[in-house]
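Could you put together the complete structure from these sequences and hints?
Heads up: the protein sequence lines correspond to chains S and H, in order. Under my numbering, the residue at position 196 of the first sequence is numbered 196, and the numbers go up by one with no gaps. To get my numbering, take the position in the second sequence, counting from 1, and add 1000.
Incorrect hints may appear among the rest.
[To be verified] Below are the DSBU-like pairs computed for lysine-lysine, each with C-alpha atoms no more than 35 Å apart in a straight line:
(1) LYS1022(H) - LYS201(S)
(2) LYS291(S) - LYS549(S)
(3) LYS549(S) - LYS506(S)
(4) LYS201(S) - LYS1084(H)
(5) LYS1022(H) - LYS1117(H)
[What the hints assert, rightly or not] Rough simulated footprint, nothing fancy, chain S against chain H, three-plus residues with beta-carbon under 8 Å:
(6) 1017 to 1029
(7) 1042 to 1051
Quick caveat, the hints were computed from the structure, so don't treat them as lab data. Treat the numbers as computed from the prediction; the structure is a model and nothing was measured. Every residue, glycine too, gets a C-beta built ideally from N, C-alpha and C.
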Amino acid sequence: MTTLSTTPVTEPAEAAREPLATRLHRWAITVDHKRLGIMYIASGLVFFVIGGLEAAAMRAQLARAGNDLISPQVFNQLFTMHGTTMVFLVGMPVLLGFGNYLIPLMIGARDMAFPRLNAFGFWLFLFGGLLLYFSYIGAQGLYGASVAPDVGWFAYAPLTDRTFSRGNSTDYWILGIMVSGFGSIATGANLVTTILCMRCKGMTLLRMPMMAWMMLVVGVLVLTALGPLTAAQVMLLFDRHLGAHFFDPQQGGSAVLWQHFFWFFGHPEVYILILPAFGFASEIIPTFSRKVLFGYPLMVAATVAIGFISLSVWAHHMFAVGMGPALNAFFSAMTFIIAVPTGIKIFNWIGTMWGGRIRFEPPMLFATGFVAMFVIGGLTGVMLAMVPFDWQVSDSYFVVGHFHYVLFGGTVFAIFGAIHYWYPKAIGRMLDRRVGVWSFWILFIGFNLTFFPMHISGLLGMPRRIYTYQPDRDLELWNLISSLGVPIQMLGVSLVIWNLVRSAFKGAPAGPDPWDAWTLEWSTSSPPPEHNFDASPAVGSARPLWDLKHPEDPDGRYE
Amino acid sequence: MAATSDALLAAADPAWRPSRGKTGTACLIAMESFFFGTFVVAYLFYVGKDVAGPTPKECLELGPAIFCSICLFSSSATVVAAVKALARGSRAGFEFWMGLTLLLGGIFLAGTAIEWKGLIEDHSLTISTNLFGTTYYSLVGFHAAHVTAGVLVLGLLWTLSKLGHLTPSDAERVELVSWYWHFVDVVWIFVFTSVYLISTGVLS
Chain S
1 MTTLSTTPVT EPAEAAREPL ATRLHRWAIT VDHKRLGIMY IASGLVFFVI
51 GGLEAAAMRA QLARAGNDLI SPQVFNQLFT MHGTTMVFLV GMPVLLGFGN
101 YLIPLMIGAR DMAFPRLNAF GFWLFLFGGL LLYFSYIGAQ GLYGASVAPD
151 VGWFAYAPLT DRTFSRGNST DYWILGIMVS GFGSIATGAN LVTTILCMRC
201 KGMTLLRMPM MAWMMLVVGV LVLTALGPLT AAQVMLLFDR HLGAHFFDPQ
251 QGGSAVLWQH FFWFFGHPEV YILILPAFGF ASEIIPTFSR KVLFGYPLMV
301 AATVAIGFIS LSVWAHHMFA VGMGPALNAF FSAMTFIIAV PTGIKIFNWI
351 GTMWGGRIRF EPPMLFATGF VAMFVIGGLT GVMLAMVPFD WQVSDSYFVV
401 GHFHYVLFGG TVFAIFGAIH YWYPKAIGRM LDRRVGVWSF WILFIGFNLT
451 FFPMHISGLL GMPRRIYTYQ PDRDLELWNL ISSLGVPIQM LGVSLVIWNL
501 VRSAFKGAPA GPDPWDAWTL EWSTSSPPPE HNFDASPAVG SARPLWDLKH
551 PEDPDGRYE
Chain H
1001 MAATSDALLA AADPAWRPSR GKTGTACLIA MESFFFGTFV VAYLFYVGKD
1051 VAGPTPKECL ELGPAIFCSI CLFSSSATVV AAVKALARGS RAGFEFWMGL
1101 TLLLGGIFLA GTAIEWKGLI EDHSLTISTN LFGTTYYSLV GFHAAHVTAG
1151 VLVLGLLWTL SKLGHLTPSD AERVELVSWY WHFVDVVWIF VFTSVYLIST
1201 GVLS
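This is the structure:
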């Protein structure tokens, strides 16, 4: 184990000043997994701001009953673009970007298994996203109809039929998502291959960092979920442009079949979005609790179990469609079952923190916030798995509250934790700690202010995807509180972004291992050289840097 | 300190690592399986749900389909023979067996073309006629598109060999292409069963 970089903590080496065009060109043609990872995360954050502004516009409209700030047509476009952006252009690329950046470093590899495929995947994602947003300019089509896609992020048939969705907005939705989906498939295959084939000497599957296990399962889920989505989108294109009848009830086609196909993709997709967040938490919590991850083998088993079970829970999105008692009961039961491995993870994180010497640095704050918020989202998920309860609140703001606790309180908090944790590695400078703590608390308060009242307004009968509501239904107060949380969240996100930009120039030098962590990425310099490691690393346990720092008591002894 | 860890490692490197090419190809095949699975599900879901004719029973002929299927299935065997010949270092053997594979793949595609011509001209069946047309042309068409892609890549390998650019060390790469070809064959088992046996009522 001679791999620990002995570089002293100094100012990161000043890159030779090349002309801007040369530097940009270097980024455009790169096949380096670290640069591609950073580009994934940065473009994902840009889309995050756009999607956030769309949400802010909707909340502004809903702040008062009978408001007329935004027309119903524009409102439909806003919730469609918000959902599509956040799932396909924020969640997927940011999480796959972290996979890209971290996996080769964590498993001691030189790069991903297929570096050029990796670059291809990134550019497909970016241009797919741009194609979706080009709809604002190009979707008028011959019919002068709706501008941006306005059929919801799930694009239910027959709303997407040519009769009901004139112009080309739905085609932009199909093609933009399909193109970026091909990019995700390429990255998914690349992650699986990298993790299985590129591990350094001594790294057995059960010595991988937990993050690598999560990304392995995510890669497999991307491969299984994106194929059916692409197939269903091809069918929809055939319906719209070749006069096919897949989802055309007038010719015997079935609108419900689209729902099955979409959610067969859609529910594994939710786990694609949350498993990497589990991975972040499983790296951050042990480091800042100064304890080894509690129950590693059980955590692996739970992750693989979630991967399998997630393929058979999709129709819990369709309880209100009328599938009949047998299917309803099956999908309800499967949804309860998937809560078990998920619950195991929660207990493992708490078990890791239990009795640890916890340091509440910003990454740990976000990771703890993630666990707490995800528990709330998970519990409302179990409530929604009960068919009779789901019938009562289906398509209400209760559901909106539920999945924002999972995807914002869960995934986004974990992403911010990961950004604060690995930023020093990627940039070579520390983020400002004080700003980090402030941005966490502001975001935490704003988030709960916006999304907790949605459970109440939903139970009171506030429907989803509706541009306004009547004044005398006791909904005003809850909607107003939800809307008031928005500017607070905007302040929190702005603080994070300001911190990211400012620290890149003014942050304290980080050194190779600022958190005293244990996985391989902290053994090389910050930022790592293009070839990652000066010598090929070799490991003897799941915590190679612990072994290096504590040769008298290496982990390998207890395996 | 490093000595302890190195001592632990000295025994052996216990990690299991499959080949990159094989893993990547397996990923592609897994993804494609789910892609085709969706079209097969759509086809089977809509069997007998048409509101207008023609029906599969009226216009699909089993005889030519069985002949084409035999050609395609045999080509899986000939492509294996081609890979083996290449690994042995027999260029002539590789070109013979690969040529035969291409011929069988070509016959299969010609069979599809003749069948489609008959359906369009004699039965006026297009993708927009009814649900059978919609699901049949999409499923069989995507399969034929994959066969075409396979024929193009296998043809490229054949050409490379003719030009003398293929050596026994390329056998693993050629084998990966043959995996894809086998996959296309396996998909046809499902397509054939759904389209020519189940929906025509031969199996019901």
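Quick rundown of the hints versus the structure:
1. The suggested pairing of LYS1022(H) with LYS201(S) holds, with an alpha-carbon distance near 20 Å, which does not exceed 35 Å.
2. At roughly 15 Å between alpha-carbon atoms, LYS291(S) and LYS549(S) fall within 35 Å of each other, so this suggested pair holds.
3. Between LYS549(S) and LYS506(S), the direct Cα distance comes to roughly 30 Å. Compliance with the 35 Å bound is thereby established for this hinted pair.
4. The suggested pairing of LYS201(S) with LYS1084(H) holds, with an alpha-carbon distance near 32 Å, which does not exceed 35 Å.
5. For the suggested pair LYS1022(H) and LYS1117(H), the alpha carbons sit about 38 Å apart, so the restraint of at most 35 Å is broken.
6. Using a Cβ-Cβ cut-off of 8 Å, 8 residues of the segment 1017 to 1029 of chain H lie near chain S, which meets the minimum of three, so the contact claim holds.
7. Coverage of the segment 1042 to 1051 of chain H by chain S holds [criterion: at least 3 residues with CB-CB distance below 8 Å; count 6].
When the structure is compared with the earlier hints, a violation turns up for hint 5 alone.
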